[in-house]
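Residue numbers (the working numbering), protein chains in the order written: chain A, -8 to 310; chain B, 977 to 1308; chain C, 96 to 420.
You may find that some hints are simply not true.
[Claimed, not checked] Listed next, the in silico SDA-like pairs over lysine to any residue satisfying Cα-Cα at most 20 Å (straight line):
1. C/LYS304 to B/GLU996
2. B/LYS1201 to A/ILE59
3. B/LYS1298 to A/HIS202
4. B/LYS1298 to C/LEU123
5. C/LYS304 to B/PRO991
6. B/LYS1201 to A/ALA139
7. C/LYS304 to B/LYS1298
8. B/LYS1298 to A/ALA203
9. B/LYS1201 to A/LYS117
10. B/LYS1201 to C/ARG126
11. B/LYS1201 to A/LYS243
12. B/LYS1201 to C/PRO357
13. A/LYS117 to B/ARG997
14. A/LYS254 to A/LYS117
15. B/LYS1201 to C/PHE131
16. A/LYS243 to A/GLN150
[Claimed, not checked] Beyond 12 Å from chain C on every Cβ pair, some chain A residues (computed):
17. TYR73
18. ALA74
19. PRO137
20. GLN169
21. HIS202
22. GLN266
No lab work stands behind these hints, which were simulated from the structure alone.
C-beta atoms are modelled at their ideal positions from N, C-alpha and C, and glycine is treated no differently.
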Amino acid sequence: MEFVTPPPVRRLTGAEGDIGRLNGSGNGNGSGHRNGNGNGNGSGNGNGDGHRAPAFVSARRPVAPATIAIDRMQVEDLSVDYARKRAVNSVSLPIRQGEVLALIGPSGCGKTTLLRSLNRLTELTKTASSEGQITLDGVDIATIEPTALRRRVTMVFQQPNPFPMSVFDNVAYVLREQASRRPKKRVLQGDVEEALARAGLLDEVRDDLDHAALRLSGGQQQRLCIARALAAHPEVLLLDEPCSALDPQSTKVIEELIVKLRKDVAIVIVTHNLQQAFRVADYVAFMYLGEMVEYASAAHLFSAPREQRTKDYVSGAFG
Amino acid sequence: MDDDSLIDDGPPPGPDQRAERTLGALVCVVVGLVLAMFVFVFHEAWPSFAHNGLHWFGTGGSVDNQIDAIYTSGDNAARAIYTFHAWPLIWSTILITGGAAIVAFVCSLFVAVFIVEFAPDWLRAALQPVVRLLAMVPSVVYGLLGVVVLVPFINNDLISEHAKASVTPIITLDGYSLLAAVVILALMISPLMIAIFVNGLRAVPRGWLEGSLALGVNPWRTMWKVGVRTARPALIAGTVIATARGLGEAVMLEMISGSVGFAPNPADGLVFIYEPSRPLAAAIIANIDQLTSPPMRHTLYAMGAVLLFSAALLSFAGWAAKQPLIRYGLVS
Amino acid sequence: MSTTRAFAAASPPPAAGQRNESSASWRLIDRIGLAFAWFLGLLFCAVTAAMVLYLFVQGIKYLRPSMLVTNPKAGFNESHTGGFFDPLLDTVVISIMSMGLAIPIGIAIAVWLSEFGRPSALARVVESTIEMLAGTPSILLALFGTLLFEAPWLGFLSRTSGGVVFGRSFFAAAAMLALLALPLVVASVREGLQAIPSHVREASYAVGKTKSTTTRRVLLPAARPSVLTGSMLGLGRVIADTAIILLLLGNTLTNDGSGSIPILSMLRGTGSTLTSYIFYNAPTGDGDQPGKAYAAAFVLLLIVLALNVGVDLVGRRGKDLRWSS
Chain A
-8 MEFVTPPPVR RLTGAEGDIG RLNGSGNGNG SGHRNGNGNG NGSGNGNGDG
42 HRAPAFVSAR RPVAPATIAI DRMQVEDLSV DYARKRAVNS VSLPIRQGEV
92 LALIGPSGCG KTTLLRSLNR LTELTKTASS EGQITLDGVD IATIEPTALR
142 RRVTMVFQQP NPFPMSVFDN VAYVLREQAS RRPKKRVLQG DVEEALARAG
192 LLDEVRDDLD HAALRLSGGQ QQRLCIARAL AAHPEVLLLD EPCSALDPQS
242 TKVIEELIVK LRKDVAIVIV THNLQQAFRV ADYVAFMYLG EMVEYASAAH
292 LFSAPREQRT KDYVSGAFG
Chain B
977 MDDDSLIDDG PPPGPDQRAE RTLGALVCVV VGLVLAMFVF VFHEAWPSFA
1027 HNGLHWFGTG GSVDNQIDAI YTSGDNAARA IYTFHAWPLI WSTILITGGA
1077 AIVAFVCSLF VAVFIVEFAP DWLRAALQPV VRLLAMVPSV VYGLLGVVVL
1127 VPFINNDLIS EHAKASVTPI ITLDGYSLLA AVVILALMIS PLMIAIFVNG
1177 LRAVPRGWLE GSLALGVNPW RTMWKVGVRT ARPALIAGTV IATARGLGEA
1227 VMLEMISGSV GFAPNPADGL VFIYEPSRPL AAAIIANIDQ LTSPPMRHTL
1277 YAMGAVLLFS AALLSFAGWA AKQPLIRYGL VS
Chain C
96 MSTTRAFAAA SPPPAAGQRN ESSASWRLID RIGLAFAWFL GLLFCAVTAA
146 MVLYLFVQGI KYLRPSMLVT NPKAGFNESH TGGFFDPLLD TVVISIMSMG
196 LAIPIGIAIA VWLSEFGRPS ALARVVESTI EMLAGTPSIL LALFGTLLFE
246 APWLGFLSRT SGGVVFGRSF FAAAAMLALL ALPLVVASVR EGLQAIPSHV
296 REASYAVGKT KSTTTRRVLL PAARPSVLTG SMLGLGRVIA DTAIILLLLG
346 NTLTNDGSGS IPILSMLRGT GSTLTSYIFY NAPTGDGDQP GKAYAAAFVL
396 LLIVLALNVG VDLVGRRGKD LRWSS
């Protein structure tokens, strides 16, 4: 299946502007935002050249850190071009089960392209080409059949896209289409309910699994998409700004879900919301203009980033 | 100066009012004309139905003989004969239209899916004008080609002597047959179905297709389980429109299906697809010279009325088929 | 906080309900389906190419330039039966007449539906009627036409003899053909009008133009590609029709006028078109001169091909002019 243009990526304009205001600023002058050195207060978080961590860092992280980490995928020197325009430039990073990896960066930095390369969804665009290697459990994903790959590395999109069927059929869709013989509904019932439970949706839809999926609220639809993705028992779950189209309550529910799921599934989440990245991620990769500028644990990246560009982005100098 | 385009509180001023009145009158005339068509046709058809009652639709006697009798009796108004049992014609219509609709539906759906997704660029570029051209070829040209190419082929190469002998007492097999009619009619109505199906498939939201692929379902299944499923309203619409066109096809069928009012008999086995017949529309065309005779006229209009009613029924069936789909968000 | 890392050397724990891998991602039935789709796609192209080629070959074999200018004559074999000038002429005449009716009326109805459309109940009735008309077989329109034009008060439109109105004439056929083409014109023009964003209309009303002026000067010119497309599709339907011609044009191979006024007499009289000529000369028709039928079919096909190309060109040009909405 092929589309000619890269998929449209929706960016919300309001939220990014907020980041600048969150800088715990004691400096009244505009120039203080531009470089950490102009900051008047020698902030107490151990960074020598005066970087002041964003206010949300000082709030204690609400979840416990990860306890296991199993290597699942390895990105080695990946570069992706769309019609000769370089979208991702020589990126390498590991993806582990038990950890949530967040990809952050401003619009157009290539994080969504990187995400889509992980399950070879970039191949849907005619003009795309890539170099470098991505391995899944040691096997180069270019040698795995794309459809088989996408069962092990599934994706949830920014815009909830449940199919025009009932809730049950949506979750069962994956199970039905991947089995070699169409399973009976009784058999599927258990698996469907398990997937819905893992996605935190079961209680709300338990009474009426035949409810039309498109009639659910936005947050419920997105959780349904997550349930659908989980039904395939993937090894890696890719999330492309899953909460950007949702209200804060749904966002909270899904974030808690993500943290709970990381033990069983390797999770990579693309987000433009720095606070969200801080809340859910164990490791963060900051990308800018196609390059991976910095990769570090969440705590380090936000409170003590090494690169200047990271500092600027995280403190809201640009977005 | 207030903008009253949002407030609907009266007719627009001046020239707009005149324009609206004129256009409205024209529109009413056209609507009236179409309604008049229904009324007049049924009115003219009534005597034939009145004389025959429900037996009009039944069997009994040879349709061709009945037609002759009706025509010749027209000279004398007092002794006009109306006896008519149209079942062989109706059965033929059902077989040919139904058969062509099924064949065309299957082929058109596969070709539409192929055009939208799986055809390489050069083939897709070739198929679009091909489909459009097939849609525009006149039915009489289809008939001509059928008569000079398909019918002799069926007669000489497909029908065995044995088959001919097996039905000789009842009917002669000469290539003008059910098979020829279904094949050519399916070819005729496919382009219409393909065009509507392709539009429907292209309107499926990209997010759904991508979502299915991202879940690890292969493109073929994605297209069928998500794409075709979503496009069901278009499938229904296309089928209804194309079948209605097939129902009313008169000229081509008159040339190809055979010139006898015979009801093909499935009990004959496979041979039955080689049997000739004559559907309703073709029967009308075959007898247009006989419109001068009053009872014949009423009978022909009665056939037309049945066709009209069937087309309306088909439209209604299409509407009814769409109703359950509204529930799952496929609002048509 | 410490984490333990396990490398990929330890094979990952199997997820619950592991299933078979890549062999199952394209099942056999999927492959068969794709192969079938390929087969059908190629078959359609092959059949069309074969049809067109056959008609071309036979047409060139039998078509003589003299046929285009000679009238059909009675005769025993093909070399004596003349050509098809009158049918060709009549095809052109009837097309002009019927589209001359269908295009203005179609535009009018489309404009009413798109710009006025009050009361809404009437608008729904009109929409349903046009849809019903689109689904009506042409033979039914032909039957209705005979009823209509045999009425005494329409006798001036055809021949009358001995108090009986004949009812078969160019006028009769053109009127019913116009009804046949109407839904196509209406649908296309309506779509074109609805594609124009409302800010264009508002801009015109804002400077004080009336709706009718706006429609005439702004909207219809902007919708010109749709008008052209609809007209060509309608014309295609008119040219291709045979049933209405057979019933309402009287089926005389040459034009048989009625009355003494030159053009009007032809239009009140009977005649035939290329389609009824082909029907007559096909092996199943009364004339049974296949050579003539091929020649006429070839000419008809060329006309249809030209129309097809025209629709394509108009469609392509129409795509370049898009509103930024």
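Discussion item. Tell me the numbers of any earlier hints that the structure contravenes, in ascending order.
Written reply: The structure conflicts with hints 2, 4, 7, 9, 11, 12, 13, 14, 19, 20, although it agrees with all the remaining ones.
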